[in-house]
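Those protein sequences? They're chains A and B, same order as listed. In this text, residue positions in the first sequence follow the UniProt record's numbering: the first is 1, and each later residue adds one. In this text, residue positions in the second sequence follow the UniProt record's numbering: the first is 1, and each later residue adds one.
Accuracy of the hints is not assured; some may be wrong.
All copies of an identical chain are treated as equivalent in the list; a pair is satisfied when it fits inside any one copy or across any two copies.
[What the hints assert, rightly or not] Distance condition first, Cα-Cα at most 27 Å in a straight line; then the derived BS3-like pairs of lysine-lysine:
id, residue 1, residue 2
1, LYS145, LYS4
2, LYS60, LYS157
3, LYS60, LYS145
4, LYS137, LYS4
5, LYS4, LYS45
6, LYS3, LYS26
Source of the hints: derived by calculation from the structure; they are not laboratory data.
Number of protein chains: 2
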Amino acid sequence: MNKKTIAIDMDGVIADIETHLITFYKEKHGIEISREGIQGLSEEKAFPIKEDLHSIVNSKGFFRTIPVMPDAVESLRLLQENFEIFIVSAAMEFPVSLGEKFEWLKEHFPFIGWENIILCGSKRIINTDYMIDDHPKNLDSFTGKPIMFTSFHNTEKENYLRVNTWKEAVAFLHQTL
Amino acid sequence: MNKKTIAIDMDGVIADIETHLITFYKEKHGIEISREGIQGLSEEKAFPIKEDLHSIVNSKGFFRTIPVMPDAVESLRLLQENFEIFIVSAAMEFPVSLGEKFEWLKEHFPFIGWENIILCGSKRIINTDYMIDDHPKNLDSFTGKPIMFTSFHNTEKENYLRVNTWKEAVAFLHQTL
Chain A
1 MNKKTIAIDM
11 DGVIADIETH
21 LITFYKEKHG
31 IEISREGIQG
41 LSEEKAFPIK
51 EDLHSIVNSK
61 GFFRTIPVMP
71 DAVESLRLLQ
81 ENFEIFIVSA
91 AMEFPVSLGE
101 KFEWLKEHFP
111 FIGWENIILC
121 GSKRIINTDY
131 MIDDHPKNLD
141 SFTGKPIMFT
151 SFHNTEKENY
161 LRVNTWKEAV
171 AFLHQTL
Chain B
1 MNKKTIAIDM
11 DGVIADIETH
21 LITFYKEKHG
31 IEISREGIQG
41 LSEEKAFPIK
51 EDLHSIVNSK
61 GFFRTIPVMP
71 DAVESLRLLQ
81 ENFEIFIVSA
91 AMEFPVSLGE
101 KFEWLKEHFP
111 FIGWENIILC
121 GSKRIINTDY
131 MIDDHPKNLD
141 SFTGKPIMFT
151 SFHNTEKENY
161 LRVNTWKEAV
171 AFLHQTL
């Protein structure tokens, strides 16, 4: 039997963009952003220099140097034994990120083959059994089982099954087997 | 009502890779490859310096400079009135192509927004109403209505509804409305 398929997002799910932006704001602007203080805020409100936020994430090297989310590597390796994993990232808004995201995956997740990587705009035409994402807009149109990965900006959203960590995600998916 | 969706391939469908390779072989190697002579041959047999073929298509600038397929621009603009178009290209095998394909689309098809571009490995998890592609391997796993766009390497394949030109593709799709 074919393995069930999981579409896994990058930023906020396997790539720790929150830590990356907090570090960036501190180093570049001397601004301390507290993790507790941004819970429930939109990305624009959490990182308030708005024009700057867009230019930061569109700058060369930004995506290439994002830290990996805790436990993500071990969890995906474990899940791959029982599921087929696709990395599905909405990268088209930031064209500079295309090559960098590919290189980042090759470095940190070398066990994910190029056949299983998708860089897209909208995720509306992605068809897998599960989708793990931090953005409600991606989960809203999904026709399989959506799983929301907790991020500061989605703590107030109640619509989806939620996992707070990769350990929780693995535990949930394993009990579906 | 939502428009029906079409996944449209790039190489061999809106990007004329055959002409591009013929020109390249002539200019680089002085080898004349005749269009008639390669009908029904695989890509590897049609362009026989195999190692070279892989390094050609993976070299900087190759995808950025492919000519546009005849009538593709006008046809996609016309189809967009009645369908939602997604450009879906298997680009991951050639990472250099990622940024170049995005730039190429922006130049030649500026009316296709970034939300509707997908650069992927396998197309197995793409879910649209129609898929226009020249490679049987992409159409085989497709769950919507597959449409084969004629290319030298697929002339012997009989499994799919075939269109030989963009005018034929538009005519077929319009009669489904």
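> So which of the earlier hints does this model not fit?
Replying inline: Checked against the structure, the hints that fail are numbers 2, 3, 5, 6, while the rest are satisfied.
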